[in-house]
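Novice: Chain residues, written in single-letter form:
Protein chains: 2
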Amino acid sequence: MERRNVRLVVQYDGTDYAGFQIQPDRPTIQGELERALARVTGEAPRVTGAGRTDAGVHAVGQVANFRTECTVPTDKFPIALNSVLPQTISVVGADEVPEDFNARRDARGKVYRYRILNREFRSPVLARYVWHVPHWLSTAWMRRAARDLIGEHDFSSFCAAGSEVRSWVRQLSRCEVVRHDETIDITLEADGFLYMMARNIVGTLAQVGLGRLGAEELPDILAARDRARAGPTAPPQGLALICVRY
Amino acid sequence: MERRNVRLVVQYDGTDYAGFQIQPDRPTIQGELERALARVTGEAPRVTGAGRTDAGVHAVGQVANFRTECTVPTDKFPIALNSVLPQTISVVGADEVPEDFNARRDARGKVYRYRILNREFRSPVLARYVWHVPHWLSTAWMRRAARDLIGEHDFSSFCAAGSEVRSWVRQLSRCEVVRHDETIDITLEADGFLYMMARNIVGTLAQVGLGRLGAEELPDILAARDRARAGPTAPPQGLALICVRY
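As they're listed, the protein sequences go chains U and C.
Count along the first sequence from 1, add 431, and you get the number used in the working numbering.
Count along the second sequence from 1, add 431, and you get the number used in the working numbering.
Source of the hints: derived by calculation from the structure; they are not laboratory data.
Computed from a predicted model, the values in this text were never measured in an experiment.
Be aware that a few hints might be false.
Claimed, not checked - Computed spacing ranges between beta-carbons, pair by pair: (1) P663(C) - Q454(U): 36 to 46 Å; (2) P666(U) - E647(C): 46 to 56 Å; (3) R658(C) - L641(U): 48 to 58 Å; (4) D447(C) - P455(U): 24 to 34 Å; (5) G524(U) - E607(C): 29 to 39 Å; (6) R643(U) - Q518(C): 21 to 31 Å.
C-beta atoms are modelled at their ideal positions from N, C-alpha and C, and glycine is treated no differently.
Please work from the sequences and hints to get the whole structure.
Specialist: This is the structure in structure tokens:
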């Protein structure tokens, strides 16, 4: 067979994984995908993921690509891979892409959703997928604060220390805060996300919602370029990578 | 303190439990509630649950009651119990009820929801809470079939063998089939449910949705009073007890 570049759409429950990116001796999404691909293709393909989701973070629309010369038809990869992947990972789409396509480098944008359970008592059936905040969050204040984050900014104040990047400037095109009964969904879309940026934005908006931080302080926090000025990092289990734009 | 009768509203993820009803040496919801109440009250209260959900079945509105003479104020029971219950169980409400209230005997009706994931590939984030049916289900046919189940009928054909009841007649007041994108929710309301009745109705409606059983065969299946005439039992993880009517 000719060499093909194959793109996969992948869903996973990140609870039991140390994140997307492969690590020695720890369960990772990339590690499971590469192991499954080795079994299905008889080769040793390297998988490139669009977003390196952290430990405990979920995905319903992660995108990854790999190169193969095997005989498996492209549209049979989901069923073939799912038969050997753990139940916590599911490949839901596959298509052939140009030879030079790279899921990470070519991504023009990503959408993340963060879900907060905002009620007094925990929920056993939502626990794996929400951050439980038992005190009342004002979504009006959170929306007011979110407005000032939209646009092109230096997001250093929302980036975990120690990350090596060329620039902290990102274009945040969406930051929506919507309450549905007992849950609050925060949808974030950007051309790229710095390390921990989504969870640091959510942690900061939660401080605003609780009244511990003023809804109009976001421009000052951005301008400070100081991680210590923003709120704490929201826990991983509320976050899910929804889709990747190309 | 005076003797009080306390009603609790309880949510749980039934995945790791052998059902609601207490059993020796197996984890049960009733067992966990009684153990938690013993710690909180210093007594040994017996818990009566409205519905005896089966192994693997979930609840967002189970109701239970117990009697106590302890000093804990009624409205503090949720927070006190949740501090000693496993994360998979949450008490979300408590109120005082008349001395003779019995959560099981006094229930006038119950609402169950069954969720089917109807798409080709499994979903890691929904897996614990859905029945994955990878073949297309016609909700139009399912709704047509459901119509004939509504009303007062002898539901023997939908009751697991070996259950000892005085009557198999139940009043099914709701049997709604609604598709939301990739999931199908079946909402069932009745004055009472026979053993496995909800899951046997769903299993039968699924056969109709797949075209393996005619949408107009339900009156004959009911009339036969023969479990072998209806469809197979749907698996437990898609089922949740939504609320109990008093």
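Novice: Hints the structure violates: just list their numbers, smallest first.
Specialist: none
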